[in-house]
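Q: Residue numbers (this note's numbering), protein chains in the order written: chain A, 1 to 164; chain B, 1 to 445.
Don't take every hint at face value.
A few chain A residues that don't get close to chain B, going by computed Cβ distances all over 10 Å [claimed, not checked]:
| # | residue |
| --- | --- |
| 1 | Q6 |
| 2 | K22 |
| 3 | L29 |
| 4 | N45 |
| 5 | S48 |
| 6 | V105 |
Below, a list of computed lysine to aspartate or glutamate pairs in the EDC-like style, where the Cα atoms sit at most 16 Å apart [unchecked claim]:
| # | chain 1 | residue 1 | chain 2 | residue 2 |
| --- | --- | --- | --- | --- |
| 7 | B | K250 | B | E198 |
| 8 | B | K201 | A | E60 |
| 9 | B | K201 | A | E57 |
| 10 | A | K152 | A | D112 |
| 11 | A | K17 | B | D175 |
| 12 | A | K17 | B | E285 |
| 13 | B | K439 | A | D92 |
| 14 | B | K310 | B | E426 |
| 15 | B | K362 | A | E60 |
| 16 | B | K310 | B | D425 |
| 17 | A | K22 | B | E198 |
| 18 | A | K70 | A | D40 |
| 19 | B | K295 | B | E321 |
| 20 | B | K435 | B | E398 |
Rather than coming from a laboratory, the hints here were simulated on the basis of the structure.
In this text, a Cβ means the ideal position worked out from N, Cα and C, and glycines have one as well.
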Amino acid sequence: MMLSEQSIARMKEVVTKYPSRKSAVLPALTIAYRQIGHLDDDIYNEISEAIEIPAVEVAEAATFYTMFPKQPRGKYLIQVCHNISCALLGADGLITYLEQKLGIVKGETTPDNLFTLISVECLGSCATAPMMQINNDYYENLTRESVDRILKELTEQAQAEDEA
Amino acid sequence: MSFYSPVRTNAAEVAKSDRLHLFKYVEDPQQANIDTFVAHGGYVAWRKALTSMKPDEVREEVKNAGLRGRGGAGFPTGIKWGFIPQASTKPRYLVCNADESEPGTCKDRVIMERDPHAMLEGMAVASFAIGCHLMFVYIRGEFGHCIDVVNRAVEEGYAQGYFGKNIFDTGYDLDVIVHSGGGAYICGEETALLNSLEGHKGMSRIRPPFPAVEGLYACPTIVNNVESLASVPHIINRGSDWYKSLGTEKSCGSKIFSLSGHVKQPGNYEVELGYNLKDFIYSPEYGGGILGDKKLKGVIPGGSSTPFLKPEDIDVGLDYESLTTVGSMLGSGAVIVFHEDTCIVWTIMKLIHFYRHESCGKCTPCREGTGWLERMITAIEHGRGRPGDVEKIESVCENIMGRTICPLGDAAVMPIQSAIKNWRDEWQYHIDHGKCQVKTNTEFV
Ligand SMILES: Cc1cc2nc3c(=O)[nH]c(=O)nc-3n(C[C@H](O)[C@H](O)[C@H](O)COP(=O)(O)O)c2cc1C
Ligand code: SF4
Ligand code: FES
Numbered sequence: 001m002m003l004s005e006q007s008i009a010r011m012k013e014v015v016t017k018y019p020s021r022k023s024a025v026l027p028a029l030t031i032a033y034r035q036i037g038h039l040d041d042d043i044y045n046e047i048s049e050a051i052e053i054p055a056v057e058v059a060e061a062a063t064f065y066t067m068f069p070k071q072p073r074g075k076y077l078i079q080v081c082h083n084i085s086c087a088l089l090g091a092d093g094l095i096t097y098l099e100q101k102l103g104i105v106k107g108e109t110t111p112d113n114l115f116t117l118i119s120v121e122c123l124g125s126c127a128t129a130p131m132m133q134i135n136n137d138y139y140e141n142l143t144r145e146s147v148d149r150i151l152k153e154l155t156e157q158a159q160a161e162d163e164a
Numbered sequence: 001m002s003f004y005s006p007v008r009t010n011a012a013e014v015a016k017s018d019r020l021h022l023f024k025y026v027e028d029p030q031q032a033n034i035d036t037f038v039a040h041g042g043y044v045a046w047r048k049a050l051t052s053m054k055p056d057e058v059r060e061e062v063k064n065a066g067l068r069g070r071g072g073a074g075f076p077t078g079i080k081w082g083f084i085p086q087a088s089t090k091p092r093y094l095v096c097n098a099d100e101s102e103p104g105t106c107k108d109r110v111i112m113e114r115d116p117h118a119m120l121e122g123m124a125v126a127s128f129a130i131g132c133h134l135m136f137v138y139i140r141g142e143f144g145h146c147i148d149v150v151n152r153a154v155e156e157g158y159a160q161g162y163f164g165k166n167i168f169d170t171g172y173d174l175d176v177i178v179h180s181g182g183g184a185y186i187c188g189e190e191t192a193l194l195n196s197l198e199g200h201k202g203m204s205r206i207r208p209p210f211p212a213v214e215g216l217y218a219c220p221t222i223v224n225n226v227e228s229l230a231s232v233p234h235i236i237n238r239g240s241d242w243y244k245s246l247g248t249e250k251s252c253g254s255k256i257f258s259l260s261g262h263v264k265q266p267g268n269y270e271v272e273l274g275y276n277l278k279d280f281i282y283s284p285e286y287g288g289g290i291l292g293d294k295k296l297k298g299v300i301p302g303g304s305s306t307p308f309l310k311p312e313d314i315d316v317g318l319d320y321e322s323l324t325t326v327g328s329m330l331g332s333g334a335v336i337v338f339h340e341d342t343c344i345v346w347t348i349m350k351l352i353h354f355y356r357h358e359s360c361g362k363c364t365p366c367r368e369g370t371g372w373l374e375r376m377i378t379a380i381e382h383g384r385g386r387p388g389d390v391e392k393i394e395s396v397c398e399n400i401m402g403r404t405i406c407p408l409g410d411a412a413v414m415p416i417q418s419a420i421k422n423w424r425d426e427w428q429y430h431i432d433h434g435k436c437q438v439k440t441n442t443e444f445v
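With the rest of the complex left out, here is chain B (with noise of 0.2 Å):
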């Protein structure tokens, strides 16, 4: 039997490893079936926290594992349950957020395709950590595929009795539903996310009031990515201290890389936070080198809303403090790689083109903002460039960065202004001659 997808994984590698965890079988074409699942030890850790521990309990075991987001921000998993106001009377719900649409990001879907109920149960911790009985999954809706596969996942989980009415005879009731997504890159943003899973348009909100006090139905609300949920069920059974000896001392854990682009072999690849990104584009177990063994010219290591890095900055681990000192981000863990033979300008072209097709218009500096980008990126691609220009585009850049209502201004920016601080030569070529330096192959064979 084959996969849907055919995406490269590294589970043989992960089935080997005492530390790894997360992709152990995906490779496995039963997994997603949940007598496989629980034959691999699923839902053991749903049982144990439900029958022998308390929600604190649990959230102080997620809070002392490090366990940081993996959906972009890296905020620390334990610590954001904790923001549910313990007074409150409301009900609470509990989101995970499968939107991924951040460009390079192909992670989740290898979960959710792949091994559904590692994500379920999951959020079944997590639900019963923040003291919810509703808990609901945002697939983007594209993902047809992911949606049936899960929906199917949730229908086994009822007939066993890990969702439902008194599970594991605790009196403890949870229920799931899945919600598919329309089709726009902003609905990830945790905000936007809960304004379309409420039947509005997915525009973001202003904060305060963060979604722990009010968010969905103006509930307290916790939104979390699928691979912090996945990661979950690994901390609960083999313990904090040993989820914290994974990784570096602040990076705690693994994660699936997402690597695209200009490499031999690309994939999805689980490795403990800190590996080095050197290794991971040219060592034989993950990217294999550069496509047709062509010089690099540049990585984005973190998703198309993270800063690039120059060759001679990518010796640094691929955890979320190393990325820092080099001037980028960890982002979503999607590894982006380009070779020689790529215009910066034509990537960034790219790149702009989506932030301003896929900003909600709610903050002037965002709308606009990237409507001029793309207007006066997209003239210097073609030839149209004006002395200034560049002076422009980094005054427009800094006149959206930190300004916006969500952080997807922030995001279409800096992926600009370090392909300008890094490549300003090229963008001077361009303007000066009409046409790229270098120009990018974009041949289909």
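The shape of chain A in the complex, shown without the other chains (with noise of 0.2 Å):
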């Protein structure tokens, strides 16, 4: 079992909210992104069993949609806009800059499993920009300044965690 049983209630609970049993699908799968950062074929049975959906009807709805990424990712998604209002202001360099930072390209984790960085469109912060979503916080008005702090509390959150 990967969902936990927090999940697996709060799903039974959404399913009840609605008048079509249905439309809990993309709550539920929200609920399982958030707890575990990935879905594969498993979780989507797991998911069927927990709102009464066949799973094929939970997997045909999870891969309609970006935010439920089949692959594991590393413990902080880093989502850049390269959209218009953004790429205007700098997204392209800060996508670099970011690239150059962790030492990776866009696509790739870093080899500590910490970092994920992917570029998306536009995220409705256009009149920050240029920005990045982490996890489910927005970083807005980006500079190399601020990008470098973030990253620093960060990577410093990780470490008291591992330690903790």
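Using the hints, put the two chains back together into the complex; each one sits in its own frame.
A: What follows is the structure, encoded as structure tokens:
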């Protein structure tokens, strides 16, 4: 079992809110993704059992959306917006800067499994460009200086968690 | 206390104005709390509508106010509400479209993060107007913070009796579900959104039937944008005549414009419809002029799906009619500014990549056409363009335009067509010389 009891309980609760059971597919995928960080066939099966929707239907929905990747990612998933408003203010340069700092290219994960770097479409933060999302959080109006600080903080946070 | 998003707004100006209203409290860090919202006059319109008006009176008021949809298409809101078949005995649904993913657009997010009850109150009034007892907010999944804030606001609303059973002792019940999406631009298109909400892939539906007749769970459904709904309580409180006195004759009211790109002061600003675009970009209250005091090259006035304007065309009102006269559209109200050091082919390459990626794949012209366009445009940008490519791009565009199930196909094509029309020399230069005439600065500092 990958899903925690808590996740399963939340899925079962969500199902009851909707007029139709199937509407709970996306919320259930979100709950699973937030807990595990990626989804695969085994997890689809577990979701399917929890919300009583056929696994093929869970898989069909999951693979349509970009937010439910099948591959495991690093502890921190960095998503840089590469769309137009951000691109006008240096998003391409931001990606290169992150690649250099992390020593990986876009699409890769650092060897310590801490950071995965990808670029994505507009995240609705265009007037505070350039920007990136790391896990659930937005980081806006980025500069080299703020990127340095953010990466440092996250690295330290991960170390502290390791030691604890 | 600081805000989650540091985006600039014109709340101070709005607070002084008797006409602007949407952004009045968005710089108040307490506004997301229900007590502050209520102290600022919140939920008065909900009470007024539910306790002293009939649903058709609410619809009439909104129709007379001339409010038009702020999600992109600009359809009159009150008229749309009237499309619900009155004889139908099926449940009716209201869905607030908070998918906000049109590049350049970041306005609904401010409302949700800083004044979530404003949206919820508008949804409640709209629900009453159409006879709905279960309303949904479909928020794009990436907006984790918004989702948390809105969920909290919903809980507060239930706790204080604004939602739930027997609201204001009228016997009216209204429930709210906050639903988060999965990261797909197409789910902002209303029929794709409904499919997504039902738990299917987010693919557009063929119309008719329109959602008002057969929408969510095959029941009559109204889909409205966050900002459209947040405007409704002001109409109920101050009346349609007041609302109609704002803006222009046919584009009534005020609207939030997201200003991004090469301006000194990007931000979200509420102005009356019809406000001059050039002033919007240059005035010290809003854009403050072009970054680095460079020359303006072009402007996209209504989100990435709307045609470019050249500098000579920007002395124009930000309203539905005026922007049409200069060959563009108001769209979602996202003004994107480009200065002279921007390569047009590079710009279009970014946009077509987006539309190709977001095409849901249901119809061939859009699925295949956006792929061809991306390949050709990327080749030109990378110096591998061939004579005749521009004409080929134009012909592919013509074959997509108007031939698709949903408007995403047209949306992909319109900026390209206008970029070729306005800057054909630059495309030709790219093909003849294998490089940009002007190189875009992509440096990150
Ligand atoms: C590809 C595409 C994406 C769209 N994205 C959004 C969106 O993110 N938010 C929105 O409110 N409307 C969006 N729309 C418009 C909706 O289909 C619909 O017209 C709108 O939500 C209706 O609300 P309104 O009348 O209040 O504007 C989109 C349309 C298309 C074709
Ligand atoms: S136009 Fe594109 S996005 Fe719209 S239905 Fe057709 S393939 Fe899907
Ligand atoms: S273009 Fe980057 S957030 Fe919108």
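Q: Would you check the hint for K201/B and E57/A, treating anything up to 16 Å between C-alpha atoms as holding?
A: Judged against 16 Å, a Cα distance of about 9 Å means the pair holds.
Q: Measure nothing beyond the straight line between the CA atoms of K201/B and E60/A; if it is 16 Å or shorter, mark the hint as holding.
A: With a Cα-Cα distance of about 7 Å, the restraint between K201/B and E60/A holds, given a limit of 16 Å.
Q: Compute the least Cβ-Cβ separation between Q6/A and chain B, then decide whether it is above 10 Å.
A: holds, 17 Å
Q: Assess, step by step, whether the Cα of K435/B is no farther than 16 Å from the Cα of E398/B, and give holds or violated.
A: violated, 26 Å
Q: Given the hint that K250/B pairs with E198/B, does the C-alpha gap stay at or below 16 Å?
A: Distance ~36 Å between K250/B and E198/B Cα, so the pair is violated.
Q: Measure nothing beyond the straight line between the CA atoms of K152/A and D112/A; if it is 16 Å or shorter, mark the hint as holding.
A: holds, 15 Å
Q: Taking the shortest Cβ-to-Cβ distance between V105/A and chain B, state whether it exceeds 10 Å.
A: Label holds. Min Cβ-Cβ 16 Å, cutoff 10 Å.
Q: Need the status of pair K362/B, E60/A: alpha-carbon distance at most 16 Å?
A: holds, 15 Å
Q: K22/A and E198/B were given as a pair; does the straight-line alpha-carbon distance stay at or below 16 Å?
A: holds, 6 Å
Q: Against chain B, does K22/A hold up as non-interface, every C-beta pair farther apart than 10 Å?
A: violated, 4 Å
Q: Does E426/B sit within 16 Å of K310/B, going by the straight-line distance between their CA atoms?
A: Holds, at about 14 Å.
Q: Once the closest CB in chain B is found, is it more than 10 Å from L29/A?
A: violated, 7 Å
Checked against the numbered hints above, the structure violates hints 2, 3, 7, 12, 19, 20; every other hint is satisfied.
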